[in-house]
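Student: Chain by chain, the residues:
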Amino acid sequence: MPTKLARVAFGAFIQKEWKHIFRDRKTILILFGMPLVQILIFGFALSNEVKHARIAVFDQSNDSFSRELVKRLDASRHFDVVSRLDHPTAVQDAFKAGNIRLVVVIPAGFENALRAFHQAPLQLLADGSDPNLGTTVVHYASAIVGASQEELLEHHSLPYGFETELRMMFNPQLEAAYNFVPGVMAMILLLICAMMTSVAIVREKEHGNMEVLLVSPVKPLWIILAKTIPYLVLSTANICSILLLSYFVLDVPVKGSVPLLIGGSLIFTVTALSLGMFVSSIAHTQTVAMFGTLVGLFLPSLMFSDFMFPVDNMPEPLRILSYALPSRWYFYIVKSVMIKGLGLEGIWKELLILSGMTLVLLFVSIRKFDNRLAL
Amino acid sequence: MKGNPVIRANDLTRRFGNFVAVDRISFEVHPGELFGFLGANGAGKTTAMRMLSGLIRPTSGTAIVLGYDVYRQSEAIKRSIGYMSQRFSLYEDLTIMENIRFYGGIYGLNAHLLSQRADEMLTQLDLKHQRDQLVRSLPTGWRQKLAFAVAILHRPRLVFLDEPTGGVDPIVRREFWEWILDYVAQGNTVFATTHYMDEAEYCSRLSVMVNGRIAAIGSPLELRGHFGVHDMEELFLNLAASTGT
Amino acid sequence: MKVRVIMAMIRKEFAQFFRDPANIRMLIVMPVVQLLLLPLAADYEVKSVRVCIVDSDHSPLSHELTAKIAANPHMHVGCKAESFEQALEGMERDEIDIALLIPAHFERDLVRNQNPVLSASVHAVNGQRASVGSQYLLQILADFNNKVRMNWLQLPKFNPVPLVDITHTYLYNPRMDYPSYMVPGILVILLTMVGFSLASMNLVREKEIGTIEQINVSPVRKSEFILGKLIPFWILGLVVLTLGLGIAAVFYGIYPRGSVGTIYAFASLYLLAILGLALLLSAFAQTQQQVMLVSYFVMMIFILLSGLYTSVESMPPWAQMTTHLNPVAHFIVVIRMVVLKGSTLSDILPHVGAMAAMAGILLPLAIWSYRKHF
Chain A
10 MPTKLARVAF GAFIQKEWKH IFRDRKTILI LFGMPLVQIL IFGFALSNEV
60 KHARIAVFDQ SNDSFSRELV KRLDASRHFD VVSRLDHPTA VQDAFKAGNI
110 RLVVVIPAGF ENALRAFHQA PLQLLADGSD PNLGTTVVHY ASAIVGASQE
160 ELLEHHSLPY GFETELRMMF NPQLEAAYNF VPGVMAMILL LICAMMTSVA
210 IVREKEHGNM EVLLVSPVKP LWIILAKTIP YLVLSTANIC SILLLSYFVL
260 DVPVKGSVPL LIGGSLIFTV TALSLGMFVS SIAHTQTVAM FGTLVGLFLP
310 SLMFSDFMFP VDNMPEPLRI LSYALPSRWY FYIVKSVMIK GLGLEGIWKE
360 LLILSGMTLV LLFVSIRKFD NRLAL
Chain H
802 MKGNPVIRAN DLTRRFGNFV AVDRISFEVH PGELFGFLGA NGAGKTTAMR
852 MLSGLIRPTS GTAIVLGYDV YRQSEAIKRS IGYMSQRFSL YEDLTIMENI
902 RFYGGIYGLN AHLLSQRADE MLTQLDLKHQ RDQLVRSLPT GWRQKLAFAV
952 AILHRPRLVF LDEPTGGVDP IVRREFWEWI LDYVAQGNTV FATTHYMDEA
1002 EYCSRLSVMV NGRIAAIGSP LELRGHFGVH DMEELFLNLA ASTGT
Chain U
18 MKVRVIMAMI RKEFAQFFRD PANIRMLIVM PVVQLLLLPL AADYEVKSVR
68 VCIVDSDHSP LSHELTAKIA ANPHMHVGCK AESFEQALEG MERDEIDIAL
118 LIPAHFERDL VRNQNPVLSA SVHAVNGQRA SVGSQYLLQI LADFNNKVRM
168 NWLQLPKFNP VPLVDITHTY LYNPRMDYPS YMVPGILVIL LTMVGFSLAS
218 MNLVREKEIG TIEQINVSPV RKSEFILGKL IPFWILGLVV LTLGLGIAAV
268 FYGIYPRGSV GTIYAFASLY LLAILGLALL LSAFAQTQQQ VMLVSYFVMM
318 IFILLSGLYT SVESMPPWAQ MTTHLNPVAH FIVVIRMVVL KGSTLSDILP
368 HVGAMAAMAG ILLPLAIWSY RKHF
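Protein chains in written order, with this note's numbering: chain A, 10 to 384; chain H, 802 to 1046; chain U, 18 to 391.
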């Protein structure tokens, strides 16, 4: 049990940290404003669906069917036909200038071949330098061509057909924000908590204040806690504002229980704070602490949390690595509660994993601080 | 001794919001003087010094330093003065020599002059063998001496010293002041602030600042005689008591 | 402007930087590790769709359909769900991407030409993955239906319906390998992070420690000061670029098709712009924590809207407009053009112009906003 003196001192420490943060209007503005701006920007801007990709057409047939096909490609929201080529050499040039994603090559006698032989070739030349975009564009174009041929050519309904009824679960409109909002939430919380605390603690070290604090009647553990509590409060406010924005502005539903979502977010916030403490127990300067969190946490979290790139595609070692990232588990929790509407029974394992990580991180960083004190 | 004053301040004032840090001070400093600004913490000494050295703009009043106007010609002032700030001004993660090279460099000293002056200086400071040691590892007294040496590396005619002996033990403090007197004896002018009353005795003239105003100005002898006190400490306590009420 | 003054500042910055071994580790080790790890992950092609087939028909035809789906390289059939509900529970746990129900009497209804209906539920939190995955499945089902129909109708070899035979070719990256696309982009990100964060924190650190006052009281000009702060990080940035290009060549076998000189020329301009921005931001910050927060947010916006992770084409028009003002987006486009397509200086001229304009605005602005007196 801490003594009364220690309790009073602990309170004083928290007050000191609180004043540090709140006296500084700029920082407060950034801490509250930026996450909101980001969730808005990314909620509206981030998407994997390709819209208005610039494509070119090399139509050597120029018959009624090919013209209709080009018209349909242009009318689709995925494509804008920006140029019509008249020579094979123009294809290379169109790509080199860098803004054409796809060239549709229609051979001479296209419609005739289709009517006479029920078969005609069509070539799609895609810019593969961005493989993700390349496959997506080919995919869209094939779907448009496929749909057009059925509608345009007299299509007698054939016997022995079956149909497939598709149901898009959790996200019927295939909104990109459903996927990105949970991801961006993880990014923002991770970085506010981890980066801000690590830098705040290292700052005391850098300025030589740590020794002064450590000789006070408060144990190192409490000093560190005092530094983190204001950020915990700030993050809670941020979680609420992000959720409100997502719900009212981005139309992302909260299907599950709100308290559960906030509870899970708080656990993740504590994990992120302890990550920050861990970084600060290693780093000696603020520069190193910032760079460490940025390159060591931000980039991997962005890449390996399953919200940008599917973890299942990755080589085995990377997949294992992704299990070590708290943001991956948090992304799963948010997605499950917010989008799928699962209850505690669906996410208890993930919550336990986050809690376990937090305990390990706290244990290791407090050991490190204590050891330094003994030196 | 006569000739144009090195510093001439007239009703110099600086406010921070509602707080008047320096309140209409007027004084002159003449060539070859060691001029002291004596006062408690927060009396406005540092603010006054920062205005004179071109670091902050006055709110009102005028000041001419080395013939340059502090409003319009602050960069010209900076070329001709040396400055040693209250906060530690050397880079702790650089060696002694690296610090000298850097500060020499930003004052535009060429390599030859720089190494010549560095040699002189390190000999005088008896730091020749420590030249490649990190500043961090030096005791406080040595660091302050080094900071002063660096501040006069470009041989300025006027040097501002802001609390130069803060946190330094008495023996080193005495050495330090003797060194400053030495520099003044070479015909230079030094403007120093301090809150150590005993140090005021080193000054040729001094002004006592209380709450942003100059409460008294003169040589230590004149001031003692005029106010009928034995030492500066007593003088200062008297002045603080009279203006405080 | 005096060269001697700037040189003195540059020397000092390097001395400080290399004094701390942590800085060197940061500069060398981190980018290397990142470049080795990250590109392997950056692949959002839907390679494997986990399908759970709930077969309520148990007919030869439904077994045939199951086998046909399982044989497709994109499909991974491997669940043990007894019922459709069970399959949906698996989907809630993210174990299944598509649950496909083959209804009872599927074969019988098909033979009787009664148009049986399969139902497929698709995990759609990630809309892009859902649409691609379901397209794969629908394609397989359509093929299967055609085959069944042809067998039963005894049609001639001739196509029963007119069919456009679509072939596709990927230019510039025919094997569609992700590293050659991601590595140059990630290199840009690392360059940005190193340059931006180091430079912005460096200046504010001097404010925090108080050494900046000693510089402010010296005759150093604003332009000399900003250049003295900028050049060291400009050089470090080019070092990171060299390191990265080396890794790209050694580990990934990526050699720029265009000229390396073009990349360096553009990178030099790019670094001027972002370092100018970093120094501009640090003029307004008092603590390292502040400047770090702001530069983190600026970087996050630049990076996520740069077209590296999600393509610029998928953004709404207003967001596409912002990429013209986003230096990271310009550099990513340029480095991909030069590395993958062999574009030359004349191809990237508009980007060079944009970058020069940014540098031309940001640098003077940084110099102007740095204050030597208050």
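Rather than coming from a laboratory, the hints here were simulated on the basis of the structure. You may find that some hints are simply not true.
To be verified - Listed below are the simulated DSS-like cross-link pairs for lysine-lysine, each with C-alpha atoms no more than 27 Å apart in a straight line:
1. A:K28 to U:K85
2. U:K164 to A:K60
3. U:K64 to U:K224
4. U:K224 to A:K25
5. U:K64 to U:K239
6. A:K35 to U:K239
To be verified - Pairwise CB distance ranges, derived in the manner of DEER restraints:
7. A:H127 to U:G263: 32 to 38 Å
8. U:S240 to H:G843: 34 to 40 Å
9. H:R932 to A:K377: 33 to 39 Å
10. H:Q874 to U:T259: 41 to 47 Å
11. U:G377 to A:K28: 39 to 45 Å
12. A:K25 to H:R932: 51 to 57 Å
13. U:N89 to A:S73: 31 to 37 Å
14. H:G843 to A:K28: 34 to 40 Å
15. A:P116 to U:R274: 41 to 47 Å
16. H:L926 to U:M18: 28 to 34 Å
17. U:G263 to H:R932: 55 to 61 Å
18. U:T361 to H:Q887: 41 to 47 Å
19. A:D33 to H:Q887: 19 to 25 Å
Just so we're clear, the structure is a prediction, and the values are computed from it rather than from any experiment. Ideal Cβ placement from N, Cα and C applies to all residues, glycine included.
Student: Against each hint, give a clear statement of whether it holds in the structure.
Tutor: Structure-based check of each hint:
1. A:K28 to U:K85: Outside the cut-off at roughly 67 Å; violated.
2. U:K164 to A:K60: With Cα atoms ~34 Å apart, K164 of chain U and K60 of chain A exceed 27 Å; violated.
3. U:K64 to U:K224: violated (52 Å)
4. U:K224 to A:K25: Distance of about 22 Å is within 27 Å: holds.
5. U:K64 to U:K239: violated (55 Å)
6. A:K35 to U:K239: holds (25 Å)
7. A:H127 to U:G263: 32 to 38 Å: Since the Cβ atoms of H127 of chain A and G263 of chain U sit about 55 Å apart, the hinted range of 32 to 38 Å is violated.
8. U:S240 to H:G843: 34 to 40 Å: holds (36 Å)
9. H:R932 to A:K377: 33 to 39 Å: holds (36 Å)
10. H:Q874 to U:T259: 41 to 47 Å: Holds: the Cβ-Cβ distance is about 45 Å, inside 41 to 47 Å.
11. U:G377 to A:K28: 39 to 45 Å: For G377 of chain U and K28 of chain A the Cβ distance comes to about 42 Å; the hint holds.
12. A:K25 to H:R932: 51 to 57 Å: violated (41 Å)
13. U:N89 to A:S73: 31 to 37 Å: Since N89 of chain U and S73 of chain A have Cβ atoms about 36 Å apart, the given range 31 to 37 Å holds.
14. H:G843 to A:K28: 34 to 40 Å: violated (20 Å)
15. A:P116 to U:R274: 41 to 47 Å: Given range 41 to 47 Å: violated, Cβ gap about 29 Å.
16. H:L926 to U:M18: 28 to 34 Å: Holds: the Cβ-Cβ distance is about 33 Å, inside 28 to 34 Å.
17. U:G263 to H:R932: 55 to 61 Å: violated (37 Å)
18. U:T361 to H:Q887: 41 to 47 Å: violated (58 Å)
19. A:D33 to H:Q887: 19 to 25 Å: Distance hint for D33 of chain A, Q887 of chain H holds at roughly 23 Å.
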